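**Student:** In case you want the letters, here they are:
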Amino acid sequence: MVYPLWYLVGLVAFWGVVPFAVLAAFDRKRRGKRGLSTRHQQWFWAYVFLAAALAWSTLFLFWPMAKAVHQSFSDFSLTSATATHWVGAANYARILSDPFWWRTVLVTAVYVAFTLPASILISMFLAIQILKQPQPLQTFFKAALYLPGVISPVVAAAVMKGIFHSGDGFANALLQGVGLSAQNWFGDPALAMPVLIFMTWISANGVGVIVYAAAIGNIPSTYYEVATIDGASAFRTFTSVTWPLVKPTTVFVTVTGLIAGFQVFAPALLITGGGPLQTTYFVNYHVYRTFYYQNDFGTASAMAVLLMLLIVAISIVNYRWLATDVEY
Amino acid sequence: MKQAFIAILVIALGLSWLWFWTVLEAPDSGSGGDKQILASDMVSVWINELIGSPDEAHYYQLAGLWNASHPDVHIKMAVMSHSGYQSKLRVALATGQPPDVYLSGYADIDTLQYSGKVSDLSVPIPEAFLPDAALEGMGPLVRRAITRDGRPTAFPIYRYAYGGVILANRGMLTAAGYDDAAVRENGWTVDAFRDACKRMTRDSDGDGNIDTWGFGAALIHVQQLFIDEFGPGIWGRDVSLRHFLYLEPPSQEWKLHPGLTEDKVAEVFALFDHLLNIDKSWNPATLGMNWNEINEELITRRTLGMTFGESPWSAKLWRETWEADHARGATQGDEPPDLTVIWMPTRESGTWPAPRAGVLGFSVLKQIPYKGDAHTENALRVAKFLSDPAHLARSQLRRFRHLPPDTRAFAQLFPELVPTDDPWVQFYTKVMESEIPVVEEPLSPGDPATARYAVLRLAIDRWFEKEGKGYIEQVIYHRLTPRDAAKQFMEGLRAAVTAATQSLPDTEEDSSRRDAETQRKES
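Protein sequence lines correspond, in order, to chains A and B.
The working numbering numbers the first residue of the first sequence as 1 and each following residue consecutively.
The working numbering numbers the first residue of the second sequence as 1 and each following residue consecutively.
Treat the hints as calculated values from the structure; they're not laboratory data.
Heads up, some of the hints might be wrong.
Unchecked claim - Below 30 Å or equal to it, Euclidean Cα-Cα: the simulated DSSO-like pairs (lysine-lysine) are:
| hint | chain 1 | residue 1 | chain 2 | residue 2 |
| --- | --- | --- | --- | --- |
| 1 | B | 264 | B | 88 |
| 2 | B | 280 | B | 198 |
| 3 | B | 88 | A | 67 |
| 4 | B | 366 | A | 67 |
What the hints assert, rightly or not - Quick partial rundown of chain A residues pointing at chain B, CB under 8 Å, derived from the structure:
| hint | residue |
| --- | --- |
| 5 | 15 |
| 6 | 17 |
| 7 | 40 |
| 8 | 44 |
| 9 | 46 |
| 10 | 166 |
| 11 | 186 |
| 12 | 277 |
| 13 | 295 |
From a predicted model like this one, the values you see are computed outputs, not experimental measurements.
All residues carry an ideal CB built from backbone N, CA and C; glycine is no exception.
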């Protein structure tokens, strides 16, 4: 066995030497003499430090991705390579013609549709409120709202399961306190997904609040003064000044939110098991079950590739739709 | 340019230092077929930490004890969490880096084996390491569970049986008019079980709301309830033995068991429907709970009369767990739970459910690539050491009360540890030595029929994941009647099995049979 460290060393050498070799060849052809141009010489240390990061990414990100793509075209076996067969696009054809796959995509899309826009609006609203506070309080609220994001998903799921316990959880205690009946939160097909969406609304705004606070804080106050002088209402000020000027931030929050939303996994694994009635059976959970419970590595890899393409496609569409520059 | 040259030299020096470092660290793997004991051979061991953490320290201490007294063989111990163990083992096998010794059981390797893509990966244990006489002393269940092609494939550390039993509140059961000892002795029918559930479901504090229920279980358990708990009592143990498949005698082909009929599936679905929607004796709040929460309802809060019990001696285990928690001040109330274990109901009196029994033990995996006979022998020595009764006395009995396979022999060695007069030990021993549990004996990997079985079994599992258990949930949530659900269930199951059968490659017998049929039709 070749130790991973040896692979890493080789990759560092690759990324450190190959770009320079390419640049040196390019410069020699262009200038007709040996050595790097002055401009390319200045890139030397940048490449040295980039080489380490690129080596790490190659070994633990790009290479596994390439292997997964390769595996998605095969009937991967647990015995040996000779028992693995190239099946072409058969895995993809089977997945795309499977109604269950489309059901999981729909479930995930519903989850994203109800969490992402709300998350953007909630983050923006909270950021605006935070910016009205004195600086020390701003720091406190930013930290407090960011904290749920750093908690382990396992811990968060356990806490939420306790809150929404079907028996005497906190949520049911609140309901019964105002005379309503207790609910079977994770045992009712009509409630399980709304509970997960609500959990995301209240806990997944940390990054959005931080970036929106920074973006809104950088909007020159003159715009707001002009709006005030012109007699604009708060709503008009928001739609005509704040919203357009934080569009780049909205693009960032949207794209990252889409990626995180379509990769949702922990609630299905830790709380609902994909149910009830498969109402919370997300795509990522389907990939996980296919990998580890059905041992169908080829199909699971194909599903993962399709999920990646789906996320990329939606992100591109979103980016093109939202990423328009606004200047005043 | 000069600077770049110097930088490249520095990098090259660093690379060569790292290369020498990794080469020196690489252990000598030895040559194939060499019987000489190697110096500093390393045997990797993976343990599945079953319930709690006490085993972890114990096994690392065992590894230290071995390493101190065996300089020729070094144990590299890894204790892993229960939830991630199977997936890590599969990944390790897939990437060609499996451990040498692993804690096997709960069909860890079998589930991989019946996937049709994994040949027999456990090394047969030679007689010198596990004599036949010792294996016979452990009982027929152990022998059937671990013997493959005439040799055992695991050093057993305990026998398990799950499914087919109910964990019940004895007081509530007695108040409902049922004697747990009589149910254990004679079994009971589905109608009696339903009646008991109904009687346990009541408003105990007179506020007009039901606050105790006869039964409870979660949605994540419906598959187990269908296949291993309610189902076998209705369709019979033969259908359960090979997960709905059977080997047709004349053709020697695996097919869907004829005993699994639409009527019987409808009966099982109807039991779900009756408990939840008609009798309303199944607490609907438990559908969204997990296993620990349901047991808390039964054991601590005592709002539940019965749930599926997992193993024949679980009443003893849960009582001891409660007492340990109570000693730490972690439970509410001072009155210990009065728990009991009874059988799951059956369709007809005089029949029994089908607990699924097997063996947990240490197995040696075939190495990928092969590291030699000497290394395999060292791995066998390590596995035998880990399964020694003296070590089992400390690990298994101390925390988990897992009785070793040869209970009588162990009781003679450590009488203070095995209370043979304990009624639950007696019940457990009686069950494990009876014909009631079903033991899925390993199939021969060289038999073509085994490969076909593996494909069909996997197809059923996959169909169940996507569609099968959905029918149970649709009955639970009143979207389908039990009869309609059973009809669709059987149609889907037959289609899945047919599609899997058609995907199987032709064997010589298939071709000959097809040719013979063609000739017969033509004539």
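**Student:** Hints first: check each against the structure and report whether it holds.
**Tutor:** Now the hints, each set against the structure:
1. Proximity of residue 264 of chain B to residue 88 of chain B is assessed by CA-CA distance (about 38 Å); at most 30 Å being required, the pair is judged violated.
2. Between residue 280 of chain B and residue 198 of chain B the alpha-carbon distance is near 8 Å, which keeps this suggested pair within the 30 Å criterion.
3. Distance hint between residue 88 of chain B and residue 67 of chain A is fulfilled; the C-alpha atoms sit about 18 Å from each other, no more than 30 Å.
4. For a cut-off of 30 Å, the pair hint linking residue 366 of chain B to residue 67 of chain A stands: about 25 Å separates their Cα positions.
5. A least Cβ separation of about 11 Å between residue 15 of chain A and chain B goes past the 8 Å threshold, and the interface hint is therefore violated.
6. Among the interface hints, the one on residue 17 of chain A holds; its C-beta lies about 7 Å from the nearest C-beta in chain B, closer than the 8 Å criterion.
7. The beta carbon of residue 40 of chain A comes no nearer than 10 Å to any beta carbon in chain B, farther than 8 Å, and the hint placing it at the interface is violated.
8. Taking 8 Å as the C-beta cut-off, the interface hint given for residue 44 of chain A holds, the closest approach to chain B being about 6 Å.
9. The beta carbon of residue 46 of chain A comes no nearer than 13 Å to any beta carbon in chain B, farther than 8 Å, and the hint placing it at the interface is violated.
10. Because the smallest distance between the Cβ of residue 166 of chain A and any Cβ of chain B comes to about 4 Å, under 8 Å, the interface hint for this residue holds.
11. The interface hint given for residue 186 of chain A is met, as the beta carbon of that residue sits about 3 Å from the closest beta carbon of chain B, less than 8 Å.
12. The criterion of a C-beta within 8 Å of any C-beta in chain B is met by residue 277 of chain A, whose closest approach is roughly 5 Å, and the hint holds.
13. Here the hint on residue 295 of chain A is kept, as its CB sits about 5 Å from the closest CB of chain B, short of 8 Å.
Of the numbered hints stated above, those contradicted by the structure are hints 1, 5, 7 and 9, listed in ascending order.
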